[in-house]
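Visitor: The residues making up each chain are set out below.
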Amino acid sequence: MAIETVEVSGHIVDSLLLAKILDTILDAGCDYEIVEFDVGKTNLDPSRARIVVRGDDDVLGPLLDSLQMHGANRVGQSDARLVPAEVDGVLPAGFYSTTNLATEVRIDGQWLTVENPEMDCALVVLDGRVRTTPMHRVAAGDAVVVGSDGVRVQAPEHPRDTQVFEFMASEVSSEKPKALLVSRVADRLRVARDRGGKVLVVCGPAVVHTGGAPDLARLVSAGWVDVLFAGNGFAAHDIEANVLGTSLGVSVAEGVPTEGGHANHIRVINEVRRHGSIAAAVEAGFVTGGVMHACVKAGVPFVLGGSIRDDGPLPDVISDTVAAADALRQHIPGVTATLMLASTLHAIATGNCLPAGVETFCVDINQAVVTKLADRGSHQALGIVTDVGLFVRQLVDHLLGPG
Amino acid sequence: MTGPAEGLTWGRRYLMCPPRHFGVLYEINPWMSREVSVDPDKALLQWEGLVATLEAAGAGVVVMEPEADVPDLVFTANAGVVNGGQFVPSHFRHPERRPETPINAEWFRKRGWRVDHLPAELDHEGAGDALPFTREDGRTVLLSGYSFRSDAGAATELSKLLACPVRPIQLVDPRLYHVDLTFCPLDARHAIVAPLGWDAYGRKVVEALVPEPLVLTDDETLSFCANSVVVGSTIVMAAVPPRVGRQLEAWGFTVVSCEIGEFLKAGGGCRCLTLALDVRLSPDAPPAPDPS
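Protein sequences, first through last, are from chains Z and F.
One point on numbering: in numbering that gives the first Met the number 0, the residue at position 198 of the first sequence is 197, and numbering is uninterrupted.
One point on numbering: in numbering that gives the first Met the number 0, the residue at position 103 of the second sequence is 102, and numbering is uninterrupted.
One thing to keep in mind: the hints can contain errors.
Said to hold, decoys possible - Computed list of lysine to aspartate or glutamate pairs in DMTMM-like fashion (alpha-carbon distance at most 20 Å, straight line):
1) 40(Z) <-> 156(F)
2) 159(F) <-> 135(F)
3) 197(Z) <-> 119(Z)
4) 40(Z) <-> 136(F)
5) 264(F) <-> 120(F)
6) 264(F) <-> 105(F)
7) 203(F) <-> 13(Z)
8) 197(Z) <-> 325(Z)
9) 109(F) <-> 38(F)
10) 371(Z) <-> 22(Z)
11) 264(F) <-> 136(F)
12) 40(Z) <-> 22(Z)
13) 40(Z) <-> 289(F)
14) 264(F) <-> 211(F)
15) 203(F) <-> 386(Z)
16) 264(F) <-> 156(F)
17) 109(F) <-> 289(F)
18) 177(Z) <-> 13(Z)
19) 159(F) <-> 114(Z)
20) 159(F) <-> 37(Z)
21) 159(F) <-> 325(Z)
22) 203(F) <-> 172(F)
23) 159(F) <-> 44(Z)
24) 264(F) <-> 38(F)
It is worth saying that the hints were derived from the structure and are not from the lab.
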């Protein structure tokens, strides 16, 4: 997939030249977006259109030649403009704000690929490399891309293997055969692992509430999870379930509230704090099962991001949210598939950091979570509206066989 | 049946160049063949016949001197675009015709025209690829052909230079390489049009522009009858297909045929041999000088 920009001006409306150019683009199997259009106000005023054309590399070249015949000329690409940041943590005015799409930056006539696409960041150029950098990580003197000249973004390619992917093309809906979706997700995780990609799992506490923790722990132990991201709640309830058999005071085995159970999680957090860390609590035998236990035993890294309503929190929780996002970023390179399990805040936080190319499956009983994720720019997320506990159970059945 | 034709408001004074160095010395359109020789005496007689016909119809003819090795200088329609006292010389696509540009520019400059140039990288072959159509509301649109000889982008530059709307339409038949082989404005309502030469978009553009077109069949088109010279309500054409003649007369025009067969060997008709000097495309154009 390649992108070029062309510009055409003159009496392009009256002469149907614009219509012809747009038709020519479509006839070639390419797509267009009119990014600027100044319509002449009078009969005499010329109009001007700037058109972004997207298409396969082998088609775009000949198409540009034929567009040129109709007077639409390629807009000359210039190098990106670099302005040094004046102060730590503050970007130069007019900085290029990134998308999560694959991006290239032109420096000295060469197109350099941005190494770690992430939305809402700046582009910093150093030693012939371009990296996205969140605002707070920019240091005075960093060369920051300003304006959109010399920056090109690749639209996400539509999957061509419809046999495998067609289910991804549709909107989130509860009206889907779940078993089929689960088996397809299992297939995608297998493909990710076969290709050497990492699988990131983002968890909300409902995974524990719905009884999915033991199944997820099996996935972790079996090597299907490469990195886990969650908040204080998930980890606390996972440990609570292991130590006291309840999740938020409700018996995981019997589904009924237990006497004084509302304090169970805070007592467990207190004990883990006494051990100094989750790993230490596992080593000491205080925690003997569950997802966090499996992570510690299998050496799977986890990032616990804090929030303002956390109880405790657990000693591993990074309560500085900016530092938590940075910790998450450390683990994102190499991730090619993400499972977001019944998590709203951490799912959106993760979505913000992920490149658009990462296959993302968002499982929630509430359709709004997936919609939110897409509204915040993570358009690649496929939503599966279902009970997360049942989903994880079925996923485990597919990947590990019935336990 | 409509009333007597009003004819064109322009087309009473023409620049022409006698064919003393004319011949088919190269091949730059499908009509040209170096194996077909031009009879110079016959060509001169035919050219003089056209001058006489135009003068008889009430037009004045201004003659420019021909030059050796520039045979197509006789086709003055391709000299450039005239807009009152402004002249925009052509940028020819074929190197064979490029020597004509400085000759034409100099001729107009010397006689008091303001000469404005198109950007060097854009081709445009003058009135051969740009004909004005003035509608009943008095607005003039320049219809410009592109693809074989002129660039679509030149229309934009031309529009800026002339302060006149220019609508480029794509020419699709190599035999009809200039727009003046496909379009002949007759008055504020009528024009001879040859859709054979245009793509679907171009046909729509002309359809929207001309209230009552005389639509030529393919055979009529290839007789070069759209390449006619209009002097008031008199139309001078190389050949008059019967249906075309009847329709034009029904509209109140007088049709005169003029034998110019030697020039057809080079792919040129009556219009190609003339350049109207009294065209005014925009109200702000400087007044035309008197070249005589």
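Visitor: Now tell me if each hint is right for this structure.
Guide: Results of checking the hints against the structure:
1. 40(Z) <-> 156(F): Distance ~18 Å between residue 40(Z) and residue 156(F) Cα, so the pair holds.
2. 159(F) <-> 135(F): violated, 24 Å
3. 197(Z) <-> 119(Z): It is violated: about 23 Å lies between the C-alpha atoms, which goes past 20 Å.
4. 40(Z) <-> 136(F): Distance ~18 Å between residue 40(Z) and residue 136(F) Cα, so the pair holds.
5. 264(F) <-> 120(F): violated, 30 Å
6. 264(F) <-> 105(F): violated, 28 Å
7. 203(F) <-> 13(Z): Given that 20 Å is the threshold and the Cα spacing comes to 10 Å, the pair holds.
8. 197(Z) <-> 325(Z): Answer holds: residue 197(Z) to residue 325(Z) is near 18 Å, not above 20 Å.
9. 109(F) <-> 38(F): violated, 33 Å
10. 371(Z) <-> 22(Z): Given that 20 Å is the threshold and the Cα spacing comes to 35 Å, the pair is violated.
11. 264(F) <-> 136(F): violated, 40 Å
12. 40(Z) <-> 22(Z): Given that 20 Å is the threshold and the Cα spacing comes to 24 Å, the pair is violated.
13. 40(Z) <-> 289(F): It is violated: about 36 Å lies between the C-alpha atoms, which goes past 20 Å.
14. 264(F) <-> 211(F): Violated. Residue 264(F) to residue 211(F) sits at ~32 Å, over the 20 Å cutoff.
15. 203(F) <-> 386(Z): violated, 59 Å
16. 264(F) <-> 156(F): Roughly 33 Å separates the two Cα atoms, so the pair is violated.
17. 109(F) <-> 289(F): holds, 11 Å
18. 177(Z) <-> 13(Z): violated, 53 Å
19. 159(F) <-> 114(Z): With Cα atoms ~45 Å apart, residue 159(F) and residue 114(Z) exceed 20 Å; violated.
20. 159(F) <-> 37(Z): holds, 16 Å
21. 159(F) <-> 325(Z): This hinted pair is violated, its Cα atoms lying about 55 Å apart.
22. 203(F) <-> 172(F): Satisfied, since the Cα-Cα distance of roughly 17 Å is no more than 20 Å.
23. 159(F) <-> 44(Z): holds, 9 Å
24. 264(F) <-> 38(F): Holds - the C-alpha atoms of residue 38(F) and residue 264(F) are around 10 Å apart, at most 20 Å.
Going down the numbered hints, you'll see the structure goes against 2, 3, 5, 6, 9, 10, 11, 12, 13, 14, 15, 16, 18, 19 and 21, while the others check out.
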